[in-house]
Amino acid sequence: MTAVHQFVPALLPRDATGDHTRALRDALRAAGWESDIYVEAAHDELQDEATYFEEYPSRARPGDVLLYQLGTSSPVAEFLLGRDEPLVLDYHNVTPESYYEGWEEHTAAKVALAREQVAALAPHAVLGIADSAFNARELEELGCRATAVVPILVDDEVVHGAVDPAERARLAADHGDATVLLFVGRISPNKSHQRLVEALWVYRRLYDPAARLHLVGPAVTPSYAEAVFAFADELGLSDAVRHAEGLTKAELAAWYEDGDVFVCLSEHEGFCIPLLEAMGAGTPIVALDAGAVGETLADAGILLPEARPATVAAAVDRIRRDDDLAAWLADAGRRRLEDFAAATTRQRFVDVLAGVVGREPVVA
Amino acid sequence: MPTPPAAPSSSPSSSSSATPSDPGADAGPGTPAGSGEAGSEVADRIRYLDEVMAEIDAEVRRRRASGDLPAGLERELDELFLEFSPVGLQGRARLRETLSLVDGSAYVDIAVPTASNKAVGSYIKRAVRKGLGWYMNFIVAQIVKFAWSVSRMFHVVVDHIEDLEAAVDAHRSPDLPAALQPSASDGASWWAPAAAEALAGVRERVVVADCGDASLVESLLAAGVDAYGVDPSDLALEPALDRGVDVRAEGVLDHLDVVADEMLGGIVLTGSVQWLRPNERERLLDLVSTRLAVDGTLVLHSASPGAWAASAPAVVRDLAPGHPLHPETWAHLLGGRGFAVASTIAGGEDRRLAHVGDADADADAGTVNAVIDAINDLLLGPTEYLVVATRER
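Going line by line, the protein sequences match chains A and B. Mapping the first sequence onto the working numbering, position 13 (from 1) lands on 13, and the numbers just tick up by one. Numbers in the working numbering are just positions in the second sequence, counted from 1, shifted up by 1000.
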């Protein structure tokens, strides 16, 4: 039987790559292929679904295809470089190290290693699957001979899931009629949270003195997060900037629904799942046209050529003043989201991989 | 406010027919929403969003013109954030900050905490600490000695660097008086048509630095180029703002700093680019080579060094932090950043002396004319030039 086995550095629950890997495994099995997940580490909850990657050689069989979920550095990359099976990369992008330099040197070194591993693996892959054309271009520039764009499998429960009514009511009571700018994503220098704070400051000065900024996501770069919140404090915004992390899916859905405008000023994104989550919640989107944001958003939001706070504030105000525009953007978002329907994406993965199964490995 | 058109109708992604062996042809879902619908519907939506964006830009311009958004306010916000950022600490402050981190981590405490939720746990921890104390003391003493040596070395290096900085500061030139700074670009000048020709067909946005009254911006707009301008002088921009031209009150370095990578299809540099300090010039080149898209066009206008030396006021020549470069120097600097110079065009005021007499009939006239040619070449050649370059990588 044909087998497409996935390798991933870490298999985690409530994690985009982890959810994607498990959903893809189910899709491949549903297509009649064998598919297991090999990992460097797995969360306790998922131990039964994963096998340590160094155990693969004893289970290898002729005709296996190995698919690597690539988004960080890992010994798994070195392991796969030494294998003879056809290799497929599923590339989720690696943030350039320059974003971390000065903030967190060990993270800069880690992502630099990851990019070295991408460069080493790309020429060996029979196929590079990328979340976005932006990511595909990176793979091609690194020598990947064939690429296909297939979006990440998005968790329907987050995009279309139930909203926690208590959380929703609590948020509404907390800020009343004030405008809420929302961003969801880990607090990391490439996400430019400081520009969100700047935009809030200008928006409050020009349009709504009571406006709030809601930030949801883990502070994965503590020194940067401290700087962002100290900056907000210095601007007198400590009560206007609210941070949350570790939310349940229903609570997260409540935060999305509570936001008046989803504002994304990230400078580097390989896909940007939160845009899809905002679309699912019907929250109008204002985003900086950087990385893959433009192609993920398409014309379902206001795409800014620059992240100047005055421009961001004016865009938010434009939406707040025009109910027709807000409704049009929300509708455009929901319809855009249908392009990323899980069923379509699952079938697309199967179609793309069907063209690889049985191929000889690439000798770079 | 524009009326919104019908929202996009969803369609299966156009990518579904692409195959893995068809690299680059697969646009994936990264196409306009509802990519299978009629082109006119897509065009209507894009036009609507463009109109909304134009209103947003107009609102920003209106706020700037009204004084609600003082020039430099956004830059001040950026600078304020840098005060909280380790990457923003400059020079001595950054060195001293880093040094304090080294000092703070040089001491290793061997008195490990022994508290525990369980009584027996605390007892075991204390026993381990006591039992291993002699061993840890020996190891840690060496680690601390090494760490302090490293710290001491860094202090010596930082002291030395500060001495060097003080020596460099002693040679720092004062700022050029604003009133004496060279004038901004003139859209009616000799090089405007050449700039428009070089930028013809560029579809992405084009920024004109030191745009002044924005006449060059308007020339480019008339030629179908999506141009806008920046200039640090509010006063210079007033006529352009009154005419509704998209201009922003900021310097080119500040502006490019906040533009996303590869967002611009063209950059026109003139004015202050001629007298930037070497470090500012390096920063400008770094920004230009990242903000400009691959295949984007750079148009650089400058006075020629000889003409500048001959005609600039004495105070400007003496106090200008930098001076105009030769076009060959720009070609060299740009080449190192992935640019290929497409053309260099000489122009400006023609100050060359005319020949005298008939050289064929009068040997003296021929001698004089040879001298005139030499003077023309040395001192009175073209006063300005234009470099057109393309970003290749």
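Read the hints as simulated data drawn from the structure, not as lab findings. Just so you know, not all the hints are guaranteed correct.
[As the list claims (entries may be wrong)] Listed next, the stretches of chain B that the computed footprint assigns to chain A, with coverage defined by at least 3 CB atoms under 8 angstroms from CB atoms of chain A:
1. 1058 to 1069
2. 1076 to 1082
3. 1253 to 1263
[Stated by the list, open to error] Chain A is faced by these chain B residues, among others (derived, beta-carbon under 8 angstroms):
4. Asp1044
5. Arg1045
6. Ile1046
7. Leu1049
8. Met1053
9. Ala1054
10. Pro1086
11. Leu1132
12. Arg1205
13. Asn1279
Fair warning: this is a prediction, and the values are worked out from it, not measured in the lab. In this text, a Cβ means the ideal position worked out from N, Cα and C, and glycines have one as well.
Right, here's what the structure says about each hint:
Coverage of the region 1058 to 1069 of chain B by chain A holds. Counting CB-CB distances below 8 angstroms, 6 residues qualify, and the rule asks for three or more. Given as covered by chain A, the region 1076 to 1082 of chain B passes the check, having 4 residues with a CB less than 8 angstroms from a CB of that chain where 3 are the minimum. By the rule of at least three residues with a Cβ nearer than 8 angstroms to a Cβ of chain A, the coverage given for the region 1253 to 1263 of chain B holds, with 5 such residues. Interface restraint check: Asp1044(B) against chain A, minimum CB-CB distance 10 angstroms, threshold 8 angstroms, status violated.
Look at Arg1045(B): its Cβ gets to within about 5 angstroms of chain A, closer than 8 angstroms, so that hint holds up. Hint status for Ile1046(B): holds, given a least beta-carbon distance of 6 angstroms to chain A, under 8 angstroms. Given the 8 angstroms rule on beta carbons, the hint for Leu1049(B) holds: about 6 angstroms separates it from the nearest Cβ of chain A. Satisfaction of the interface hint for Met1053(B) is found here, the shortest Cβ-Cβ separation to chain A being roughly 7 angstroms, below the 8 angstroms cut-off.
Annotation: interface hint on Ala1054(B) violated; nearest CB of chain A at approximately 11 angstroms, more than 8 angstroms. Hint on Pro1086(B) holds. Least Cβ distance to chain A is approximately 5 angstroms, under the 8 angstroms limit. Nearest Cβ of chain A to the Cβ of Leu1132(B): about 28 angstroms, over the 8 angstroms cut. The hint is violated. The criterion of a C-beta within 8 angstroms of any C-beta in chain A is met by Arg1205(B), whose closest approach is roughly 6 angstroms, and the hint holds.
Below 8 angstroms, beta-carbon pairs count as interface contacts, and Asn1279(B) has none with chain A, the closest being about 18 angstroms; its hint is therefore violated.
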